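S.K.: Single-letter residue listing:
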Amino acid sequence: MSQLGNTASHAAGNPVAPPSVNFTLSEPTQAAIRAEVAKFPHFRSALLPGLKLAQREIGWLPPEIIAEVADLVGVSHASAHEIVTFYSMLHQKPHGKLLVEVCVQMPCGFCGGERLLQQLEKALEIKDGETTKDGMVTLHRTPECMGGCHRAPMVKIGDRFVENLRTPADVDDLVRHLKQGKVPGEGAPGERDSLNHDYHPPAEARTIAPSAVGKKLDYKPILLPRQPRTTRVTLDEYRASGGYAALTKALQTMQPADVTQVVKDSNLRGRGGAAFSAGMKWGFVPKGPGPKYLVVNADESEPGTFKDREIMEVESHLLLEGMAIASFAIGCNEAFLYIRGEYVEAGRRMQAAIVEAEQAGLLGKSILGTRFDLRIHVFSGAGAYICGEETALLESLEGKRPMPRSRPPFPAVSGLYARPTVVNNVETIANVPCIISNGAAWYKAIGPNERSAGPKIYCLGGWVNRPGNYELPLGAVSFRELIEIYGGGMRDGAKVKGVLPAGISAPIVPADKLDAKLDYEGVAAAGSMLGSASLIVIPEGVNIVRAATRMLEFFRHESCGKCTPCREGVMWLHKVLLRIEAGLGDAKDIDLLLSLSGQISGKVLCALGDFATSPVVATIKHFRSEYESALKDQAGAIDDWTTR
Amino acid sequence: MSDLVHLTINGHKVSVQKGTLLVEAARQASVEIPVFCYHPKLKPVGACRMCLVEIDKIPRLQTACTTPVAEGMVCNSAAPNAIAGQNAVIEMLLANHPLDCPICDKGGECPLQDNTFRFGLGTSRMQEAKRHKDKAFELSSKIVLDKERCIMCYRCTRFQTEIAGDSALVALERGEDSEIGTADGEAFDSPFSGNTIELCPVGALTSRFYRFRARPWDISKTPSVCAGCSVGCNVALHARDGAILRVLSRDNPAIDDGWLCDKGRFETLPPLTHPAHVSGSTASKRPMEPMLRRDGALVPATWNDAIARAVELLRGESLGGKSLGGRAAILAAPTLTNEAVVALDRHLRPLLPQSTIACAGDVHTPWLLQGKISELARCTKIVNVGLDPWSELPVLALWQRKALERGGVIVAVSERNGLWRDTAAWLRADAKQLAATLRELLQALAGGSASESTSAPVAAAARKLQHDGPGALLLGVAAARDASVLELARQLATRLGSNGTGGVCGAPALAPNARGIQEQAPGLAKQSALGAIDALLTLGPVETTSPGRRIVATWTSVPDTPDIEVVLPLAHPYEQTGTWTNLDGHVQKLGRSGFSVRQALPDHVLLAHLCRALGGEPPIDASAVRSPLDAHRGSLVRPPMTPA
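Taken in sequence, the protein lines are chains A and B.
Residues in the first sequence are numbered from 1 upward in steps of one, following the working numbering.
Residues in the second sequence are numbered from 1 upward in steps of one, following the working numbering.
Isolated chain B, as found in the complex (with noise of 0.2 Å):
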């Protein structure tokens, strides 16, 4: 209790640890004290002054943002003085800024007309000519930028150096005529661009997919898991009119802090269909209804038509004289829900005994990840084998930063390191080479270094290491594949305590639910050949040249190729419920969001029509299917959605 401090804001007595910041304060009393530049995941930079509060004892007025509470410090916002204060840096804000509110992106959840309604006065005495500036200036392929709408609260050049590290985006000239930018000639270039959208206060940071396409008020969101990679950053999935229009974050302090990487939120959606956002030419081939060959051409069917074909193509009936073996497959993208991994590997699997179910792409681990990936914040040496973390799991790399902070190192032993700003020491080792580095590193770590064979640089890199507190060692996947650098990280992982209390460790698949469906459903992921077969199911983005008849479930376009038989309209892991584990365990809710294909089944419910079909009894109901989950249930509690 002795690092509680007690202080009176407005009136209301709080009482907050030790080092709060005042605006922070204030909200644990529930005080509002307005804010531009400040955010509670950046450092506190007290430029736009628009917190300013009067402090009992102090004469000129103090920036919320800035000041550290203090034991008895009486604080009042709402004071005349500081309400002028308020009132000046509105105008000031407004004095220069264009106020093209009615076409502007972020009207409706903006900070800066929400603060002007609330703190500001409403009126302007400038009568001078506003300063012009680039209205449309593209930062970047994702990203463009107003540069007259732009406060300056330096929000989102303080995220490109504290957060991602790599000052790709920064403040350019000074004064009057200071803003944000690049090296001339240079584009916007970092993994975490699109974060600085979200973090912008007012409109000037805008991304090219949503530019002009929606306004808040027309806009519906769902909470629901990313689907780049195995993370599992949450997101709010933004539609409009039932195609999902932009993805935001959603913060879970234990998996993404807040933050996205560009892959995902960009790069994930689902394909738009409606008229109103793609022209004819452009148009997604997304399949819209169940199809099915029929006089050589692919022509709409009912749903109850095309189950029963795709049946009768899996059991290898009706092949007539072509059956190449009565045998059939399903190949499922890694993208697969929990659910329907269940539906697949436990009640479809009996139905066709003779048939090879497995999951496309590398979804199984030779070493799941143990830990979890927040602790790579308090880890004080981090080691990344054969992996990158900032172009394969990029969130994580944004973890690992955090351990700076905290005086950790990291130490690559890779081919390819976009972490190598912050890295220790860089090993560079291809494939072939890291099995040998591996083994010089342990050697120097155990005290070899002062052997003749151990290189200079794995010596240095060895000494960098020896820390104590937890350490952390990620290995990617495929070099996971090779039995002896697998032993040999598992080697270092232990000498550097990633296996205590604290420490992680793990060789994570990449795939969204690579890890649910190697715990769900083991033989699913391992790869086995497919062979000769006579027909094929696919469900999700599958890449196959199997030959056979065909029968694809998917979201994305289909090729209008003569083995394919059957197309079966599938939801997009954004448009179903189900559920997601991500790399280190964690069981999240997908949400449904989109409706722009009205016939597409989630994965599930796919699974059980065709069980159904195939005679057998299909999963009853969500529960049933989630009981294996049990030992994850804690987890599925997820923070509720707040406000941005």
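Looking at chain A on its own, in the form it has when it is part of the complex (with noise of 0.2 Å):
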């Protein structure tokens, strides 16, 4: 690591000569990126793991080492250029030996990431962007939710999670460790969890209990049955308690148009927030000949979002199976887990599960003696938001910009590699081996509205005592009850001054509908969007300009660029919302706000561009007066999170 620069210095407006080293890639690199071309159908698609893959060699992507991958890869050094600068975790500069991302969004944003980056910086010496003299620690501030928000607030450093770091004594504990190059939980294996290498303290008991309201229902979860597990559930336990039944009665005694009726019938609907019909989605791949892809969609990034996370670090298999029974009755052979890049453990769990499963001729060729074949490749993204849409997803996929694709063709007619594709949640997917195996009509039961029922995991994070993932019957509770009884109700006993139901995508619900029910119509009744059900609480007490300034930074961070009114507007709603912040604001700027927004909204490709204007339209809606004084002459510049 001797070349590493130092970008403090850099910033300092002292530069360092860059070293005068020659970068290649080993000969293990080299064939590893050969065997990646290899693996997929075209072979443009090994462009970005081909990328990761020299980047953890080398630590960084000197202009060199892109040429090299490109001309391994087979693409002109310009198409690898533009992938590289394209991905947030791909680096054009080196770093740190240790680079310390700390997100600062929402909900880690005003549960302590603010402070704790305050606290690194002051105990490392280095602001945002800076490297420690001795190579050993980059800081980076982050508006990126990395998908930890139940443990919030939380760092990435490497591969890693560090998670709960709420008192100063775990930011102290985490620099000691910091300042040797270590990673707190690397290398001892931790008592609560081997195979775990994500480090979080515990935290559930320094939270106050509950002062329950009401009684937790009587159910047993299906998606995530080992709760609280963090473990990977392996095959002999996941085979011991009933699984590969479904996909066993699938094989065996149904034809693909019965297993896709039978989810049709069943009314499972997207999890990943569209909420459109599976099955549906399903019997639009037309049944001609050639091949059909199943992409299931885990870059879980929508800030407040973790219940993918959570199932494939657990019920790896569960999400295996689903996939291999949605690819028999779509009539794929190869399927691919679009996982996104900072969810690393996941992604090693998963392949760690597909071996299993090849050994036990569970995947591959020949599955259970049938004539049904499936490869499964997981596929790992690099930091973009815009993966999470499905025809960006795709292009990603295909290693190219992920932009999303105009509309039609659908990818079910025309999608990866312009072959017939469904593109489907983890969750939703996680969903259909209960379906094959209790029928249609049992699902339907699960939950009080047969039209959008079965099982669901709310993404329950911000101010509660107890975030977390619950599963529950959609639309069985409301926000109060899922705070309250689930969550542990608020912390320090705040009251709640509004809920983001689905990250900070759909508008906020605030304090006085938090008795909608938590299902489709419900939600939609009070004004947003069920989502992907994930849930941020927020306390009275957060300033709702801040919060809506740093829910703009993140849209603004991840706009593709693509649209040039998502483009240029959310770069302008949030240098609006920055100058308001800083006490700069114009009586006029609320129904700028208003009017940019407007012009935003359904004037874009995909949804991305309209979430952007929700968290700027939604709070003036509901709290436009904190604006107002925000606007006030001489109000002074907003420096927390909380309301003055």
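Bear in mind the hints are in silico, worked out from the structure with no lab data behind them.
Just so you know, these numbers come straight off a predicted model, no measurement behind them.
Possibly wrong hints are sitting among the right ones.
Keeping only pairs whose Cα atoms sit at most 20 Å apart, straight-line, the calculated PhoX-like set for lysine-lysine is [what the hints assert, rightly or not]:
1. Lys575/A - Lys130/B
2. Lys133/B - Lys575/A
3. Lys97/A - Lys182/A
4. Lys43/B - Lys400/A
5. Lys400/A - Lys39/A
Each chain sits in its own coordinate frame; assemble them with the hints.
M.R.: Right under this line is the structure:
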């Protein structure tokens, strides 16, 4: 690591001459990249995995390495460059041995992420973006959520998450490790969990016991039956509890069309946010010859969302079984699991589960002795929220810049490699085995509303005593019940200011609508969307202008830049909010914010541009007076998360 | 008629072909829908969002550039909602645009200006600081990029990927940081890069040669034909104050489909002579007026004196005892117009019976091209033998790439192959190996692929060529001089079905009017040794080392060597009228642009003067000259100049 430049001195205007090292890839890395090229149906898909392999070896991506990967994959140097510059996890500059990324997005931001960053800056004597003098630690403040919201605040160090850094003592412990070049929990297998590479000191012990206001439902979880387990369920354990029975039933007793019909009859709606009928989506796939693909969307990047992470890390085989059944239904022999780059541990565990399943004849050639073959590729992203949009995800898989495609054609007709493709969310696919095992009627009976039935994982995050994933029948509880009964009530007895029901993408639901039921219709009636059901509970006292600014920072950071209104407009919105935050707003700014939001929403190609405006529009709608007081003469700058 | 779709656009009823995009249907209904990213020759991308329109029964505004027409569709681009959308996009595009129109090359011919006037509000609410980027980033020795002006329409990058196929220019970064560029430290290196300047809808991509030289309203435009090679791409010559400053494409769907190569665009212009354009040291020594050698020095003369002296020399008079046999020779450059060929061959030759009259350079081919080059797009298999169209006849390479879209294959049997990305098989063979490789390929195609002597690459190439449908075989003119290669190539063409309907075959010569010269005067095209001569007249830029007195008629600089007796200023092909015949037999008119050398004479006029001075009958008028071209008269009809 002697080639590391000191970015701190770069920032100080005292450039260190770049080390004159000629970077080349080692033979094993070259071989690994060649293996990636051979692995995929189209060589270009190996571009992103190849670049990640190169970065793993070198630590960053100097131009000559990018060119070397491009040559190995067989694309122009410029084509590799357009990929490298897009993803936030691919680095064109060297960084310290430990890259510490501090999440300041909702909910980490108001749960202490900002304070955590300040503490680290002080203790390490560097600012955001700088590297310690010994080249050990680079500090990076990121507006991008990393999916550790239930253990907020958190940091990501290289491949690993360090979570639940709630107290100054936790941070001191982290700093002590960092100064020695170590990551907490590294090396010594934790007693809690030898498979879990993420480190999170027990937090629940410190939280105040909830004042329960109601009884928990009599419901036995189906998707996450082993909570609070954090280790991966092995194949033997999974089979011992009836796992892969649904796949056996489907392959040995059902026709593909029957499987699709059962899923259609079950009213399973997509859990990624759009809530489209999964069975109908499968039914759109044309029957003709030629390859068809199943792509499972595990690019869980919406701030406040961490449900797919737990399914993949713990119930890996449940997801694999669902993928196998879905592939059988649509006639797919090669399926892809696209996992966001930050979820390194989830990727490792899924890969380990695939190896187990292949060895047991549950994946691979002639599954369970039938003529059905299935190969599952785990494909790891590299830091881009836009890849959660299904067509952008397909572009990313194809080794192109992940920008949404215009529809039609829909992926079911022309998706991955221009072939019929079904794209489903992890949780959607995890629902499939129980539907096949127990039938559509059984499934529809779960929950009060049979039009949108089944188990649903609610990601409860923010200012509650027990944040986490809660699996409940869809629509069985209200916001208030979830917060009070399951979340253990509000921390420090605080009042709820509002709840963001679908990460930061859906309009905020104010405190007076907390009795709305948590299903698609109920949340819609409360003026918002259930989406992926990632609830961020915001307490009284959080400054709404700061919250909106932080949310817009996320969308500005994550806009792919394809559509003019999103690329330019979201940046503009964020600049206006920053100006208001700095105490420099003027009376016309509220109208300007609303007008610009209207110029973005509905005028862009994908839904993400629309989402970007809801933090502004909804917070102005419900908390206009806070904006107005920020705009008053000499209101002064907003310097933290609290209201004045 | 069943393929027609009926719809209403802004109240106009229109019937268009099924599959037409709404934006094109609107053009047919004389409704202008503003666009930036849309270009009829590129695939729609829907990025800029300028073409937002309202469509009945669809709640969201739609982009007309990505929406195919549907029966009964009612579309309104002038609905208040649509106009608000268009206003919004303009405001967003201009939010960070530098608005430096007064110093921008594009000012006056800028779609961003035009659309702002017609579809924008003319005001901006942006009070934040604009984004600053490189203003004069040198992408290559030909192109300068202004990153601030760029509106990210992706026309240039799509051209390089879809049309040229080399992905030499790409989009970098994401969101607000998006910009176009290449790999770090690499130039924008493509033989077609100049097309991106024309495609750019703003002043972001500018020509280094044209930059700051003129404004659109200073320019006079003349339709003509490119002097770069025998493809004969149609061009518009743009001149200011008599100096030709740039060459733009002039879409001819039968010849160039709207594209030019960089050689034609940047390297065919006549040398600049005006002091405003060239500084003293780099001033061309292009002859500005006739000159004679008197008392050992070249001095200005009248045209009458110069012609008289030239005739004396050609007749072998006034040579005194220095005569080498009284023979003279005339060598013409292969840019000679058909009119000049007739004058030279039929009018001048009888007047100088002793003389050798020939064309210099590769103008003769033993195998004229059969079929039209536009038919290459429909060929299912194309074989290039000893020819690299990418570098030798670049626009022909683009025609070949169009065949790929329809599933065609390209096979190269050559030493160089610029189309390597797109060739299904490349059998590397230098001039000496061509015959053997062709023989092997023919055997493999004849079913002899089982024979042991067939190498694996040849067998693979033969398999790729097993397609029904028309084929093409293009042979390099140098390779065609080898009789055995020529014969084998003819056999291969027959086997590929290139001789039938729709096929293309032949060995095109590379010089601009090679085919015209060969068709009008086969004798001129044949090379012959000059032998001992007393005097030599060269027409145009001709390299020669012949002994004897020289009469030089040219537009290039003339060295001051004592053998040059007479210098005659000749018009550059872009400065004269006349016709050229391109490689597939289209006879096309040259246009006269530029008058910086007022004394320069067109080639056929100069030859007419010489005829008269030699006592012969000069060709009387253009129609008499062109009578031999009657067979091709139909192709003289050109599409009119259309505004860009």
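S.K.: Compare the structure with each hint and give your call.
M.R.: These are the hints, each one checked on the structure:
1. Lys575/A - Lys130/B: Since the Cα atoms of Lys575/A and Lys130/B sit roughly 11 Å apart, the hinted pair holds (cutoff 20 Å).
2. Lys133/B - Lys575/A: holds (18 Å)
3. Lys97/A - Lys182/A: With Cα atoms ~10 Å apart, Lys97/A and Lys182/A stay inside 20 Å; holds.
4. Lys43/B - Lys400/A: Within the cut-off at roughly 16 Å; holds.
5. Lys400/A - Lys39/A: Between Lys400/A and Lys39/A the Cα gap is close to 17 Å, so the pair holds against 20 Å.
Checked against the numbered hints above, the structure violates none of them.
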